[in-house]
Amino acid sequence: MRLQDYDLEHPYQATVKSSTRITPEEFDEIRELVLEVDHPDFRFEAGQSVGVLVPGRHALGHEVHFRLYSIANEPAPTPSGNPIITLCVKRVDYIDDYSGERYKGIASHYLCDRRAGDRITITGPYGLPFEVPDDREANLLMIGLGTGIAPFRAFVKHIYRNLGGWEGKVRLFYGAKTGLEMVYMNDERDDFANYYDRETFRAFKALSPRPHWDEPAALDQALTEHQREVWEMVSSPETWVYVAGLQSIREMLDKAFVQMAGSAEQWQRRKAELVAGGRWTELIY
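Per numbering that gives the first Met the number 0, residue 0 is the first one in the sequence shown, and the count goes up by one each step.
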């Protein structure tokens with residue numbers, strides 16, 4: 000993301016309340032950071048993002064590095080009156096395509112190294128929240144990859160806790176590299192287990208076939224295994240689709256939906272109809 004693409008004129012200070020590693024030591028590090036924004040007038044909605052400003056000077060000469068992160072919780076009153084936001088952060092390294100050198104992800108390492116009491120600068124919130132249809136009989140199809148599960152955590156809570164009485168189908172497909180990397184869906188933090196007894200809710204997990212290699216999660220395979228229901232939902236004018244995760248999720252989805260549709264042309268036509276109707280929303284990073 001480029002700094003000039005976003006309004007940075009109103010930064011906020013936030014204090015780290017806790018930083019908890021939620022994956023075992025032998026797997027990729029993913030942390031849950033709970034931040035208290037030191038301004039009671041900071042307002043956000045489920046599904047929005049905040050910008051994190053990492054002070055420099057950085058390798059490319061820029062003074063501040065900017066990165067967007069989805070807010071993983073929904074708004075709730077606090078004793079202090081200051082809002083609390085939760086971020087799900089994976090410590091990431093990058094391999095240069097030309098030199099083969101490994102580089103640390105600036106924002107991810109910065110955040111993963113923060114501890115309780117540290118202060119960070121944030122901006123936002125940005126982006127429209129996931130729009131919830133007025134009709135409680137509408138179907139909701141959510142597809143997330145990696146830390147893309149974070150906005151769905153808040154979204155599902157909002158549907159069942161705040162709105163209640165949801166009658167349409169709610170389906171969540173989530174892909175990760177390993178079972179232990181199933182953020183917020185492992186034994187310790189399975190928030191979605193609260194809704195497994197709801198008749199309308201189902202969640203499907205997709206794992207990499209080779210979890211210790213760099214194989215992607217088999218998200219497209221999971222969708223294909225349930226293609227009858229998924230395609231019926233996508234074909235219905237009563238279905239809203241929400242997608243969140245890394246850019247690679249687009250290729251996975253195209254692969255799965257082209258197979259379901261029978262051709263690339265038919266899938267692109269169906270997707271265009273969803274987009275035009277405001278029923279296809281992406282949070283891609």
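Hints were generated in silico from the structure; no laboratory data involved.
Do not take every clue at face value.
What the hints assert, rightly or not - So the derived label-pair ranges between C-beta atoms look like this: (1) S79 / D112: 41 to 51 Å; (2) R114 / Q226: 18 to 28 Å; (3) R20 / A263: 39 to 49 Å; (4) E228 / N81: 39 to 49 Å; (5) P10 / S235: 24 to 34 Å; (6) Y5 / R118: 39 to 49 Å; (7) R268 / G80: 31 to 41 Å; (8) V274 / H225: 14 to 24 Å.
To be verified - Calculated cross-link-like contacts (lysine-lysine; reagent style BS3-like; alpha-carbon spacing at most 25 Å): (9) K156 / K168; (10) K204 / K156; (11) K16 / K156; (12) K254 / K204; (13) K103 / K89; (14) K254 / K270; (15) K89 / K204; (16) K103 / K204; (17) K204 / K168; (18) K103 / K156; (19) K103 / K168; (20) K89 / K156; (21) K89 / K168.
Every residue gets a Cβ at the ideal spot worked out from N, C-alpha and C, and that includes glycine.
Verification of the hints:
The hinted window of 41 to 51 Å between S79 and D112 is violated, with their beta carbons roughly 25 Å apart. The supplied range of 18 to 28 Å is broken by R114 and Q226, whose beta-carbon atoms lie about 45 Å from each other. The given range of 39 to 49 Å is respected by R20 and A263, whose C-beta atoms sit roughly 42 Å from each other. Here the CB-CB span from E228 to N81 is close to 43 Å, well matched to the stated 39 to 49 Å.
Checked against the hint of 24 to 34 Å, the C-beta distance between P10 and S235 comes to roughly 43 Å, which is inconsistent with it. Between Y5 and R118 the Cβ separation comes to about 21 Å, which falls outside the hinted range of 39 to 49 Å. One distance hint, 31 to 41 Å for the beta-carbon pair R268 and G80, is violated here, with the actual separation near 50 Å. The hint said 14 to 24 Å for the Cβ distance between V274 and H225, and at roughly 23 Å that hint holds.
Using a Cα cut-off of 25 Å, the hinted pair K156 and K168 holds, with the two alpha carbons roughly 15 Å apart. This hinted pair checks out: K204 and K156 have alpha carbons roughly 19 Å apart, not beyond 25 Å. Annotation: proposed proximity of K16 to K156 holds, straight-line Cα distance about 22 Å (limit 25 Å). Taking the CA atoms of K254 and K204, the gap is about 18 Å. The hint holds against a cut of 25 Å.
Simply put, K103 and K89 have alpha-carbon atoms about 12 Å apart, close enough for the 25 Å limit, and the pair holds. Pair hint K254 plus K270 holds up; C-alpha atoms about 13 Å apart against a cutoff of 25 Å. For the hint pairing K89 with K204, the CA-to-CA distance comes to about 19 Å; that is within 25 Å, so the pair holds. A distance of roughly 29 Å separates the Cα atoms of K103 and K204; the hinted pair therefore is violated under the 25 Å criterion.
Restraint check: the Cα-Cα separation between K204 and K168 comes to about 17 Å, which is no more than 25 Å; the hinted pair holds. Proposed proximity of K103 and K156 is contradicted: the alpha carbons are some 34 Å apart, above 25 Å. The straight-line distance between the Cα atoms of K103 and K168 is roughly 41 Å, outside the 25 Å bound, and the hint therefore fails. Restraint check: the Cα-Cα separation between K89 and K156 comes to about 22 Å, which is no more than 25 Å; the hinted pair holds.
For a cut-off of 25 Å, the pair hint linking K89 to K168 is broken: about 30 Å separates their Cα positions.
Hint violations for this structure: numbers 1, 2, 5, 6, 7, 16, 18, 19 and 21, all remaining hints satisfied.
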